[in-house]
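Keeping their order, the protein sequence lines are chains A and B.
17 is the number of the first residue of the first sequence in the working numbering; add one for each residue after it.
17 is the number of the first residue of the second sequence in the working numbering; add one for each residue after it.
Calculated from the structure, these hints are not laboratory results.
Keep in mind the model is a prediction, meaning the values are calculated, not measured.
The reader is advised that the hints may include incorrect statements.
[To be verified] Here are some chain A residues the structure puts well away from chain B; computed CB gaps all over 10 Å:
#1 LYS37
#2 SER308
#3 THR325
[As the list claims (entries may be wrong)] To spell it out: a stretch of chain A is covered by chain B in this simulated footprint if at least three of its residues, at any positions, have a beta carbon under 8 Å from a beta carbon of chain B; those stretches are:
#4 28-35
#5 61-67
#6 164-170
#7 182-190
#8 255-263
We put the CB at the ideal spot given by N, CA and C, even for glycine.
Number of protein chains: 2
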Amino acid sequence: MTHGVVETPVFMAVGTQATVKGLTPEMLEEIGTQVVLGNTYHLALRPGDDLIAEMGGLHRFMHWNRPILTDSGGYQIFSLAANLKITDQSAVFRSHIDGSLFELSPERAVRIQENLGSDIAMCLDECPSLADPKPNQLRAAVERTIRWAERCRNAHTRPDQALFAIVQGGLDLDLRAFCAEALTRLDFPGYALGGFSVGETNQQTLTALEPTTALLPADKPRYLMGVGRPIDILQAVARGVDMFDCVLPTRNGRNAMAFTAEGTLRLKNACHKRDSRPLESGCACPTCRHYSRAYLHHLFLAEEMLGPTLVSLHNVSYYNRLMTEIRDAVVGGRFADYLAVNLARWGGSS
Amino acid sequence: MTHGVVETPVFMAVGTQATVKGLTPEMLEEIGTQVVLGNTYHLALRPGDDLIAEMGGLHRFMHWNRPILTDSGGYQIFSLAANLKITDQSAVFRSHIDGSLFELSPERAVRIQENLGSDIAMCLDECPSLADPKPNQLRAAVERTIRWAERCRNAHTRPDQALFAIVQGGLDLDLRAFCAEALTRLDFPGYALGGFSVGETNQQTLTALEPTTALLPADKPRYLMGVGRPIDILQAVARGVDMFDCVLPTRNGRNAMAFTAEGTLRLKNACHKRDSRPLESGCACPTCRHYSRAYLHHLFLAEEMLGPTLVSLHNVSYYNRLMTEIRDAVVGGRFADYLAVNLARWGGSS
């Protein structure tokens, strides 16, 4: 890619509104972040992709010189927008910011992402709710997702940007297979798995993951969108996934929750008040090198901005370290052991 | 000082609760911050000076290895605490955080600051309101401030910490002189001017400043507490002041107001929406090197934490640069010219 090589499996830090909340690009680089994700829906509404293009593109606008992936806006339309009307032509909805009318077609989603200048763009997809899926609705969404993927591919012009397609189909393995095969025939440089929410209480979802990744070309990256907890990522890597993004490390960081190999810490708890230890012994992140749990506890009680920043920094670093450990285990032929040890520690099933 | 030499005149960044709001120590070092100020009142109430001592002192607690000055808590007692009862023995008040009862005597103020381990500590003083000063009240406060300064000096034991006294007296030049002379006889390594609020609409205050600094030893630093705007600092340097602190660069930074040599910018204003220029051309701070006004405008509209951080960073850097320019002008024998040019530009009187 124009902005550098990415080692997989990789965790991508979420920078929805052209900033990873509370962290500077320098901090992200220091902890080894390889890719930042930007959200097409948010950025198209504010400040606008035309403005970002005018400012030299998203990399320059937000001062991030490593690779950027932008999503297509599909997921946000279904979760954030109001008054959604969806036809084969496009999705028309009202902005959650100011109520203004916005139309997103496959062609527009591609144009926006070409304006943003991300290294990886995503095809516009239809994301029906998984909570109460109706079979016909799910099939219609898959068929539309395939038609839209083809239109995105036809509209796409930037040679310095890779366009990935998104496999939908919910928990219906036949639909997932149908979608994966149709998209593979269109020959994209990478594929995402949309509409999954992996969780330890949802063994069904986990079961649906492996057959789907198996249908996708082995030499192309597979990206599981919006997932998840460390244990979810580990289990998904075991099922062939290469790329991840999730708001958990930064969202939990802002809420005083730290990830560690020994489990999570809630820094507002009184037990941390006089604890001179770092969040995680042996962690090389700036937060663990320089600050005690007692100091972080104090920052959260005093409602100081530095608390969310320092814990987010550790959490993203923790996710990056997890991915490095996974890569090393894979390269060293030790991944099965690594998986077993960590699942036993975290209480998950393989 | 144990933590390094300070070049004066100096601006000290305010780190009330053991953090300069929104900025990391690394950011502060990068922009040349020499001293950080911690607030005794806030830190004694939360997390407690005993806890900070247990954690190795304030420098280690907040990861700031350059000099720290702590105030005495006097000013905050009078402005923040509830149910204040003041006697010669001590000030008794209720915490603004949890309503608990707290007693601050000169001896306790010194012990707290010795626990914090600051490089410069301040004597406890009485700060009567300047808004409606009663002559007897002002004189009584000055006399108590002198008695308390002597008790602080007697209680002070740390050889690695300098204890400064505070000159009170409001706008009464005779009282100021009386206070300055009495404190000078007690021979402190530095003196502060308390109870001043310099402002261009308050020529009276400015007039009272010079006679007071003239009464203090020329070879000891003079510190004007809590002041102020760039023009206030410049005018105070012209009247013999060496040290300053003020919340303006960080508070205004959080409120989207940037200081520049050409005046202030309000970044939420629509005029910045498509402005690709940095906050200030030629400014070497990280914010100006890497980000456009358009990006900062976007961050504030999107209510992203990085906005307050980046503008605070520029503002503290701006204050630091102002002090460097002043020092260079003094060393080069050009201060009178520098003063005249900037007062003309900022519309103040010398």
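Do the hints match the structure? See the list:
1. Its closest Cβ contact with chain B, about 6 Å, brings A:LYS37 to no more than 10 Å, contrary to its assignment away from the interface.
2. The claim that A:SER308 lies off the interface is violated: its Cβ sits roughly 6 Å from the closest Cβ of chain B, which falls inside the 10 Å cut-off.
3. Chain B draws A:THR325 into its interface by the beta-carbon criterion, the shortest separation being 7 Å against a cut-off of 10 Å.
4. Beta-carbon proximity to chain B at under 8 Å applies to 3 residues in the stretch 28-35 of chain A; the threshold of 3 is reached and the given coverage holds.
5. Here the stretch 61-67 of chain A counts 3 residues with a CB under 8 Å from a CB of chain B, which clears the bar of 3, and the coverage holds.
6. Residues of the stretch 164-170 of chain A with a Cβ under 8 Å from some Cβ of chain B number 0, which does not satisfy the need for three, so the listed coverage is violated.
7. Restraint check on the stretch 182-190 of chain A versus chain B: 0 residues with Cβ-Cβ distances below 8 Å, three needed, restraint violated.
8. Look at the stretch 255-263 of chain A against chain B: 0 of its residues bring a Cβ nearer than 8 Å to a Cβ of that chain, fewer than three, so the hint is violated.
Violated hints, in rising order: 1, 2, 3, 6, 7, 8; the structure is consistent with all others.
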